[in-house]
Amino acid sequence: MKALFRPSLLVLAVVLALLPFALPNNYVVDIAVRIALAAIAAIGLNLLMGFAGQISIGHAAFVAIGAYCSGIVTARFGWPPLAAICGAAVGAAVVAWLIAKPILRLKGHSLTMATLGLGVIVNIVLINEVDWTGGPDGMPVPPLEVAGFAFAKVRHWYALAAVLLWLAVLQSLNLYESPAGRALRGLNGSEVAARVMGVDVARFKVRAFVASAVFAAVSGSLTAHYLGFISPSIAAFTHSVELATMVVLGGMASTFGAVLGAALLTALPQLLGGLHGYEMVFFGLVLMLTMMFLPKGLVPSIALKLRKKA
Amino acid sequence: MSDFMQFVFSGLTTGAIYALAALGFSLIYNASGVINFAQGDFLMLGGMVTAALLAHQMPYGLAMVGGVAATVIVGLLLYRLAIQPAGEASVVSLIIITIGASIFIQGVVQIVLGKNQQTLPPFSGDRALQIMGAYVLPQSLWVLGTAAVLVALCFGFFRFTMVGKAMLAVAANALAARAVGIPTARVLQLSFGLSALLGAVAGVVAAPITTTVYDIGLMLGMKGFVAATLGGLGSGLGAVVGGLIVGLLEALVAGYISSAYKDAVPFVMIIVILLVMPHGLFGSKGSDRV
Chain X
1 MKALFRPSLL
11 VLAVVLALLP
21 FALPNNYVVD
31 IAVRIALAAI
41 AAIGLNLLMG
51 FAGQISIGHA
61 AFVAIGAYCS
71 GIVTARFGWP
81 PLAAICGAAV
91 GAAVVAWLIA
101 KPILRLKGHS
111 LTMATLGLGV
121 IVNIVLINEV
131 DWTGGPDGMP
141 VPPLEVAGFA
151 FAKVRHWYAL
161 AAVLLWLAVL
171 QSLNLYESPA
181 GRALRGLNGS
191 EVAARVMGVD
201 VARFKVRAFV
211 ASAVFAAVSG
221 SLTAHYLGFI
231 SPSIAAFTHS
241 VELATMVVLG
251 GMASTFGAVL
261 GAALLTALPQ
271 LLGGLHGYEM
281 VFFGLVLMLT
291 MMFLPKGLVP
301 SIALKLRKKA
Chain H
1 MSDFMQFVFS
11 GLTTGAIYAL
21 AALGFSLIYN
31 ASGVINFAQG
41 DFLMLGGMVT
51 AALLAHQMPY
61 GLAMVGGVAA
71 TVIVGLLLYR
81 LAIQPAGEAS
91 VVSLIIITIG
101 ASIFIQGVVQ
111 IVLGKNQQTL
121 PPFSGDRALQ
131 IMGAYVLPQS
141 LWVLGTAAVL
151 VALCFGFFRF
161 TMVGKAMLAV
171 AANALAARAV
181 GIPTARVLQL
191 SFGLSALLGA
201 VAGVVAAPIT
211 TTVYDIGLML
221 GMKGFVAATL
231 GGLGSGLGAV
241 VGGLIVGLLE
251 ALVAGYISSA
261 YKDAVPFVMI
271 IVILLVMPHG
281 LFGSKGSDRV
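Chains as they are written, first to last, in our numbering: chain X, 1 to 310; chain H, 1 to 290.
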């Protein structure tokens, strides 16, 4: 609980609370909501990529699992949205566990390929199981309603997304400082060294993967309710790559880096008036250039510069 | 029975393509320890550039040479501009760079050559031949023949030429190779060029059957990787056998179970393979350097 009183968390809380007063119109608030929802998924992915040193380029699959679980059980079975979100998170966790258990015992690139495969499979399922998912045309999702309160306005959504984002950051920072988090960082430094020190490497990697899947699923569920409509493009490879780019650009192993990455990659295209088919060139360049010239990512590099000056 | 033979032939044909992709993975993995996520895009580039040149009224043979040459140049550039400058970066960084390169290549192709599926005319007509009760397109024989020749050339290259042996030396121990005077950087560059060449040729001979599109490299690359893992990463023989097995299983699933889910086969396979035999069929059980 020490983390609650961290200055960075207090600053984040203040910024999130004051931000809506600074935002001129609903269009900008809408972007802020999208950033917060994307950041939740990015923070989760950062647990895997930054802390456990494992790359996933299929994380959109978990976002899609969250979105479609929520969409299907609320629209077709009349579940309350909150129960649906929890159910979706559990579902994503189970899928992640089933995949991670055998594969994470092995070398780095195995999981990367497996996640790529998972992304492809989820995409195929979403397109083919038309009766459940609406197929390529997608399906509508009922609006979010919790205990009789309907989240109808963009500003309601902002409040919800801001609180959840703050909680996600808190969770991530807590994990970072926990024994498990230290173990995970050890993995990234040297797996063998961590193992020698008695860390159950495989178990921690599995945990990181499952946690990252849950973050992604929650982000997906909320996105589905927020947009009111989902289509298989949510599981697309480009979406997975977008998430990975957020983490890499912001800085692997940096929670605030993931948030900054999500903010930049969500807001920039909006400000530029959309990428119009240049998404892949853009994400590809950002990935390559960051790794070549700023391998630690933005936030850790800036932090290092500031510390050197001080 | 004739159904079965039909599936076997189509499985072997796609399997031969996966085998060439797997061979490309193994080449670069051996030389640098990096899984090149842009490997599938080499196959895509070969087919797409050839199709584009063909559309500009270039004779077929010349267009093929152009497509392969363009891909090899991209492979060499990938090493020179992205992998080499990263220097001693961790393998994770290098993998992210190749992922970035893969997306970048797809993005550029999508913008310059368009999003549409392209196809190439078959090399020698499209009248199916009847072999053992199955109808086989002449192009399938081209694919199988080309794959066999390329694989034989590869084995010869590593067995009988100095350059090939130098590559093996770098694969075995880069530091020691440098100590005896092998220019490791140039060998690494060569491995990227060679696997681009393998990929491009495979992409060109396969395009008349599979058609090609800017994002087909994703699937081809993934299946090539599954094939390489099944055979044992880094093993040439393993890559070929692995490719053929993946192709066969996929064709049988498509034929007897569900064609919509045939692309799920490699994914399920990779989990089973990694569980049951993490080193693949022909892989070495080498220990890790710490």
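Treat the hints loosely; a few may be bogus.
[Claimed, not checked] Computed list of lysine to aspartate or glutamate pairs in EDC-like fashion (alpha-carbon distance at most 16 Å, straight line):
| id | chain 1 | residue 1 | chain 2 | residue 2 |
| --- | --- | --- | --- | --- |
| 1 | H | Lys115 | X | Asp30 |
| 2 | X | Lys101 | X | Asp200 |
| 3 | H | Lys262 | X | Glu129 |
| 4 | X | Lys153 | X | Glu279 |
| 5 | X | Lys296 | H | Asp3 |
[What the hints assert, rightly or not] Covered stretches of chain H (in silico footprint by chain X; criterion: 3 or more residues with CB under 8 Å from a CB of chain X, positions within the stretch not fixed):
| id | segment |
| --- | --- |
| 6 | 73-87 |
| 7 | 103-109 |
| 8 | 160-171 |
| 9 | 213-225 |
Hints in this document: simulated from the structure, not taken from any laboratory.
Remember, predicted model here, so these are calculated numbers, not experimental data.
C-beta: ideal position from N, C-alpha, C; glycine also.
How the hints compare with the structure:
no., hint, verdict
1, H:Lys115 / X:Asp30, "violated (31 Å)"
2, X:Lys101 / X:Asp200, "holds (13 Å)"
3, H:Lys262 / X:Glu129, "holds (15 Å)"
4, X:Lys153 / X:Glu279, "violated (30 Å)"
5, X:Lys296 / H:Asp3, "violated (55 Å)"
6, 73-87, "holds (count 3)"
7, 103-109, "holds (count 6)"
8, 160-171, "violated (count 0)"
9, 213-225, "holds (count 5)"
The structure fails to meet hints 1, 4, 5 and 8 from the earlier list, while all remaining hints are met.
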